[in-house]
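Novice: Sequences are here, hints too, so could you generate the full structure?
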Amino acid sequence: MMNGLVACHEFKHGWREKLLPTLLVITLLLTGFSFYNGYQWSKQQQAVIAAAQLEQQQAIAQAQQALVKRRATTPINWWDDVTDLRGYAFYLMVNYALKPPQAMAPVAVGQSDVLPYFFRLTVGKKQDFIHQHETVHPLLLQLGKFDLAFFTVYLLPLLIIVACYSALSQEKHSGQLLSLMVQGLSPLRLLLIQLTVRAGVIVIPLIAGSLLLLIIFQPEASALALLGLGGLLLLYALFWLALCALVISFGKTASYNISTLIACWLAWVIIIPALGNSWMQWMHPVPSRIHYVDTLRQVTDQVEQSTANTLANFFQDHPELASNNAAKPLDHYSVKKLASINAIEKTMQPVQQAFEQHLIQQQRSAAQWQLLSPASITQSALSQLAGNGLEGHQHFMAQTQQYHAQLRGYFQTRIIAAVGRGDFAPCEGCNANITLTEFSAIPVFSYRSYAPSIQWLPIGCLATMVLIMAYVALIRVGGLGRAQ
Amino acid sequence: MFALTLYPLTLGKEWREACREGRVFWLAITLFVLMLAVIASGWQSHKALSLQQQQVTESERLRWLQQGDKGPHSAAHYGVYVIKPSSPLAVLEPGLTPYLGHTILLEAHKQNDAQFRPIQDAVPGQRFGELTPGFVVQILLPLLIILFGFQSLAGERDKGTLQQLWLAGASPCTLFWSKAAALLSLGLLFLAPLIVYVLLIAPAMSHHLTPFDWARAGIIALGYFVYLFIWVLLTLFISAVSNTSRLALLSLLIIWGALCLLIPKIAIEWSTQSVQLDSARLFQSRMESEIYTQKRLSAIEQYKQETLRQYQVKEVSELPFDWSGAQLQFGEAYGNQVFDRLYGERQQAINQQSSRYEWAGLFSPMVTLQRITTAAAATDMRHHQWFSEAAERHRRHMQVLLNGDVKQNAQSADGDYKAGIALWKQVPEFNYALPDFLPLIPFYRKPLLLLCLWLVLGLIAGQWAVKHLSREQI
Numbered sequence: 001m002m003n004g005l006v007a008c009h010e011f012k013h014g015w016r017e018k019l020l021p022t023l024l025v026i027t028l029l030l031t032g033f034s035f036y037n038g039y040q041w042s043k044q045q046q047a048v049i050a051a052a053q054l055e056q057q058q059a060i061a062q063a064q065q066a067l068v069k070r071r072a073t074t075p076i077n078w079w080d081d082v083t084d085l086r087g088y089a090f091y092l093m094v095n096y097a098l099k100p101p102q103a104m105a106p107v108a109v110g111q112s113d114v115l116p117y118f119f120r121l122t123v124g125k126k127q128d129f130i131h132q133h134e135t136v137h138p139l140l141l142q143l144g145k146f147d148l149a150f151f152t153v154y155l156l157p158l159l160i161i162v163a164c165y166s167a168l169s170q171e172k173h174s175g176q177l178l179s180l181m182v183q184g185l186s187p188l189r190l191l192l193i194q195l196t197v198r199a200g201v202i203v204i205p206l207i208a209g210s211l212l213l214l215i216i217f218q219p220e221a222s223a224l225a226l227l228g229l230g231g232l233l234l235l236y237a238l239f240w241l242a243l244c245a246l247v248i249s250f251g252k253t254a255s256y257n258i259s260t261l262i263a264c265w266l267a268w269v270i271i272i273p274a275l276g277n278s279w280m281q282w283m284h285p286v287p288s289r290i291h292y293v294d295t296l297r298q299v300t301d302q303v304e305q306s307t308a309n310t311l312a313n314f315f316q317d318h319p320e321l322a323s324n325n326a327a328k329p330l331d332h333y334s335v336k337k338l339a340s341i342n343a344i345e346k347t348m349q350p351v352q353q354a355f356e357q358h359l360i361q362q363q364r365s366a367a368q369w370q371l372l373s374p375a376s377i378t379q380s381a382l383s384q385l386a387g388n389g390l391e392g393h394q395h396f397m398a399q400t401q402q403y404h405a406q407l408r409g410y411f412q413t414r415i416i417a418a419v420g421r422g423d424f425a426p427c428e429g430c431n432a433n434i435t436l437t438e439f440s441a442i443p444v445f446s447y448r449s450y451a452p453s454i455q456w457l458p459i460g461c462l463a464t465m466v467l468i469m470a471y472v473a474l475i476r477v478g479g480l481g482r483a484q
Numbered sequence: 485m486f487a488l489t490l491y492p493l494t495l496g497k498e499w500r501e502a503c504r505e506g507r508v509f510w511l512a513i514t515l516f517v518l519m520l521a522v523i524a525s526g527w528q529s530h531k532a533l534s535l536q537q538q539q540v541t542e543s544e545r546l547r548w549l550q551q552g553d554k555g556p557h558s559a560a561h562y563g564v565y566v567i568k569p570s571s572p573l574a575v576l577e578p579g580l581t582p583y584l585g586h587t588i589l590l591e592a593h594k595q596n597d598a599q600f601r602p603i604q605d606a607v608p609g610q611r612f613g614e615l616t617p618g619f620v621v622q623i624l625l626p627l628l629i630i631l632f633g634f635q636s637l638a639g640e641r642d643k644g645t646l647q648q649l650w651l652a653g654a655s656p657c658t659l660f661w662s663k664a665a666a667l668l669s670l671g672l673l674f675l676a677p678l679i680v681y682v683l684l685i686a687p688a689m690s691h692h693l694t695p696f697d698w699a700r701a702g703i704i705a706l707g708y709f710v711y712l713f714i715w716v717l718l719t720l721f722i723s724a725v726s727n728t729s730r731l732a733l734l735s736l737l738i739i740w741g742a743l744c745l746l747i748p749k750i751a752i753e754w755s756t757q758s759v760q761l762d763s764a765r766l767f768q769s770r771m772e773s774e775i776y777t778q779k780r781l782s783a784i785e786q787y788k789q790e791t792l793r794q795y796q797v798k799e800v801s802e803l804p805f806d807w808s809g810a811q812l813q814f815g816e817a818y819g820n821q822v823f824d825r826l827y828g829e830r831q832q833a834i835n836q837q838s839s840r841y842e843w844a845g846l847f848s849p850m851v852t853l854q855r856i857t858t859a860a861a862a863t864d865m866r867h868h869q870w871f872s873e874a875a876e877r878h879r880r881h882m883q884v885l886l887n888g889d890v891k892q893n894a895q896s897a898d899g900d901y902k903a904g905i906a907l908w909k910q911v912p913e914f915n916y917a918l919p920d921f922l923p924l925i926p927f928y929r930k931p932l933l934l935l936c937l938w939l940v941l942g943l944i945a946g947q948w949a950v951k952h953l954s955r956e957q958i
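Residue numbers (this note's numbering), protein chains in the order written: chain A, 1 to 484; chain B, 485 to 958.
Heads up, a few of these hints could be off.
[As the list claims (entries may be wrong)] Covered by chain B, according to a simulated footprint, are these stretches of chain A (three or more residues, beta-carbon under 8 Å):
| hint | stretch |
| --- | --- |
| 1 | 222-230 |
| 2 | 361-370 |
| 3 | 410-419 |
| 4 | 440-451 |
[What the hints assert, rightly or not] Calculated lysine to any residue pairs in the SDA-like style (CA-CA distance at most 20 Å, straight line):
| hint | chain 1 | residue 1 | chain 2 | residue 2 |
| --- | --- | --- | --- | --- |
| 5 | B | K779 | A | I76 |
| 6 | A | K125 | A | Q298 |
| 7 | B | K594 | A | T122 |
[Said to hold, decoys possible] A few chain A residues facing chain B, derived, Cβ under 8 Å:
| hint | residue |
| --- | --- |
| 8 | Q111 |
| 9 | T464 |
| 10 | I468 |
Rather than coming from a laboratory, the hints here were simulated on the basis of the structure.
Every residue, glycine too, gets a C-beta built ideally from N, C-alpha and C.
Specialist: Set out below in structure tokens:
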């Protein structure tokens with residue numbers, strides 16, 4: 001009964017002071033705006049993916065029309081001819097590997113605006129496509145999108161601090177606390193009620209609003225994912241509430257509380273993550289891309305200069321493709337090109353791996369370092385939940401590379417067989433035969449969706465921090481009551 | 485006289501109070517150490533990067549010269565990689581560097597974008613918590629000024645010492661400006677490592693492609709100074725007009741959150757959503773579908789007929805030069821028109837987005853300062869565009885030379901013409917140097933004017949605060 005009365009009074013008081021309605025409006029507005037930005041980005045990605053799929057289908061339809069035309073009229077240059085295996089494989093193919101956004105994508109844009117979500121592939125070397133990226137104003141990348149993750153990680157703590165810093169201390173320093181205690185209200189109970197009412201005005205609209213928006217606009221989002229999001233937001237909010245309670249438990253003035261809380265915010269949200277990044281870059285510096293270019297050029301030169309060697313190595317790696325007919329040596333331009341593509345990729349593999357290895361090491365360090373900052377834990381968990389973290393991208397990259405190898409294999413076999421049959425030069429001065437007719441048989445990329453794994457250790461750490469701070473605050477506020 | 489003695493007294497008092505505020509004091513020490521650390525590590529990275537850039541540029545030139553005898557068009561496809569030079573001032577303000585590529589391949593038939601954005605080789609955390617000197621000055625120092633200064637006048641009022649100061653003969657004007665000078669001195673302490681870097685280290689790191697430009701260094705230093713001064717004035721204004729120090733702190737925190745966190749993000753979201761950019765996929769498709777068309781083939785045919793008419797011959801083999809060289813150059817010129825249009829449209833859209841974002845400087849001095857300092861450090865979009873344009877001009881010049889050589893010399897070689905080092909040497913080195921900053925100032929007049937406007941507003945706020953204090957004195 002008394003709890004209800006105090007809560008009601010606290011709410012009315014906050015409402016009269018205009019603090020609670022202001023916070024409520026800010027929270028609702030920012031929740032809506034941040035969701036809208038994430039949702040827009042996700043829709044934009046979907047539109048690009050749909051257009052790419054359409055372009056691919058249209059290109060196949062046009063190639064089929066060109067096949068009919070090619071059968072009826074005189075041939076054109078092979079590099080302009082979609083019915084020529086070489087022209088199609090090396091230059092004309094319209095083939096995409098696409099990563100569609102997941103249902104929870106509007107929650108956190110994460111790395112999805114920086115890392116590519118589509119690749120246009122030919123059978124050329126993978127170094128030609130893996131560095132593609134979407135065109136976005138670099139300032140937007142630098143500042144980052146104003147999404148739900150940003151609102152939660154950076155602004156939610158500030159709103160909670162602004163709402164809660166003066167709890168209990170106002171009553172204590174105005175002398176009201178003693179009279180309330182006389183009426184049987186303990187400082188602990190008063191603090192809990194105040195924090196619940198004040199933070200409730202921020203946390204409940206945030207959680208309810210974001211879940212509701214997701215249910216309405218992303219109906220394919222699973223109940224488990226929604227539950228995960230709600231739990232994560234609540235846990236992060238509880239962390240800042242527990243911290244507020246802990247700082248308030250020292251019994252100092254409201255000014256002291258707020259400056260301490262802001263210093264904590266600065267340390268946990270800005271300084272510790274930034275220090276972690278500096279530490280990672282110092283411990284595991286990424287190799288230089290300028291040197292990468294240098295190496296790529298050297299490797300390409302070596303491969304181009306020793307064609308015979310490159311061809312020999314190629315057929316050593318692919319004995320199944322070597323011709324049994326010694327009368328038809330497989331040193332055609334397109335075979336040489338395939339051999340050099342394979343050789344460059346093979347030689348560049350360790351260099352490529354060095355980049356991937358450093359990234360993995362940095363990821364490991366980041367996973368350890370993030371345990372020190374609840375903001376980093378939450379940011380990382382939200383990105384993972386949205387499928388827009390680094391793991392999701394690596395999953396897509398692995399699939400793309402696998403598909404690229406499959407695509408290359410498909411054309412490699414057919415091009416070499418065509419060379420063996422002499423299809424590209426059936427007789428002296430003749431035009432090439434039609435070598436590509438079955439466009440629908442060409443392998444198509446199919447994205448296997450990524451199920452984000454839940455990282456329990458950081459979440460457990462965050463929960464432990466909440467419990468420890470809440471426990472210490474509880475003991476100290478209890479002591480405060482006895483002192484009064 | 486009183487004004488002169490009041491300043492050191494005020495400075496001493498503010499400093500003592502800052503030290504007494506243990507949490508804030510330690511936060512300031514941490515920030516100062518961090519500032520030193522980020523400058524030192526940025527300096528080391530920049531040194532390594534500059535060295536790599538010079539080495540790879542030299543080896544790329546050597547590769548070009550030693551590519552052996554081959555057809556000039558093969559050489560044009562082989563191409564040259566050029567690397568964007570980085571100013572030593574980029575250590576202070578890396579700006580958009582991690583989000584833009586630094587290497588462009590100059591080759592036949594294609595205008596390429598810069599490749600290898602450092603951010604693609606980074607873990608997500610690096611993007612959301614990159615600590616740079618610019619970040620410390622733009623975001624963290626204003627917060628520190630707020631934490632040091634919110635009690636400056638409101639605290640005196642809370643404790644009742646304000647009235648004592650009036651009785652002791654202090655005038656509101658002297659008190660306000662002494663407090664401002666004291667607070668600014670504290671803020672400027674953090675700029676000391678930056679100044680040392682600019683004066684001693686950056687000039688030593690310059691070379692012919694990145695000459696040290698005092699105008700650029702001066703603009704950065706002046707920009708930081710004005711920005712901190714604006715925050716000092718804003719802090720003291722709020723402190724003067726707030727009834728309690730608690731209210732002052734709360735108001736200042738809300739202002740800081742809005743100016744440094746909210747407005748820049750909302751502004752860039754608005755700018756990029758109100759002017760749409762084509763997706764890279766669409767851009768690529770348009771480029772292919774607009775160059776390799778029947779219209780192009782017809783244009784080549786028309787050019788051929790015109791050339792035959794001009795030389796009054798029937799076959800290209802009868803021309804006094806090699807037709808393939810002329811056709812290649814015609815194809816290049818045709819493609820260049822499409823590049824100019826498509827890249828031009830994209831550039832215009834990006835510039836419109838940048839321009840709209842700049843207007844957010846009306847609401848946040850941080851947006852304005854960021855635009856000025858990244859411009860001075862040559863790490864903004866416009867400097868990247870200038871580099872890309874210079875690279876494209878160089879690519880086109882290369883194609884003219886190489887195709888011209890085919891046109892002049894290939895006819896006698898019966899389709900097997902090969903050029904050598906003499907021709908490769910004719911292709912000049914790409915020596916893009918950062919432009920002088922003073923002539924560029926008109927490009928940045930909007931952010932410069934907006935920063936001046938903020939300064940004027942700050943001074944007006946200061947004067948208003950003095951008037952408010954004067955009323956209290958009465």
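Novice: Please verify the coverage claim for the stretch 222-230 of chain A: does it have three or more residues whose C-beta sits within 8 Å of some C-beta in chain B?
Specialist: Contact hint for the stretch 222-230 of chain A vs chain B: violated, 0 residues under 8 Å.
Novice: Within a Cα-Cα threshold of 20 Å, do B/K779 and A/I76 meet the stated pairing?
Specialist: holds (16 Å)
Novice: Verify the proposed pairing of B/K594 with A/T122, using a straight-line Cα cut of 20 Å.
Specialist: Since the Cα atoms of B/K594 and A/T122 sit roughly 17 Å apart, the hinted pair holds (cutoff 20 Å).
Novice: With a cut-off of 8 Å, does the beta carbon of A/I468 approach a beta carbon of chain B closely enough for the hint to hold?
Specialist: violated (20 Å)
Novice: Hint check: A/K125 vs A/Q298, CA-CA at most 20 Å. Holds or violated?
Specialist: Distance ~15 Å between A/K125 and A/Q298 Cα, so the pair holds.
Novice: Against chain B, run the beta carbon of A/T464 and see if the smallest gap drops under 8 Å.
Specialist: violated (21 Å)
Novice: How about A/Q111: closest beta carbon in chain B under 8 Å, or not?
Specialist: Since chain B brings a Cβ to about 5 Å from A/Q111, closer than 8 Å, the hint holds.
Novice: Do at least three Cβ atoms from the stretch 361-370 of chain A come closer than 8 Å to Cβ atoms of chain B?
Specialist: holds (count 5)
Novice: Residue count check for the stretch 440-451 of chain A against chain B: does it reach three with CB-CB under 8 Å?
Specialist: As far as the stretch 440-451 of chain A goes, the hint is violated, because 0 residues have Cβ atoms under 8 Å from chain B.
Novice: At a Cβ distance under 8 Å, does chain B reach at least three residues of the stretch 410-419 of chain A?
Specialist: violated (count 0)
Against the hints set out earlier in the document, violations occur for numbers 1, 3, 4, 9, 10.
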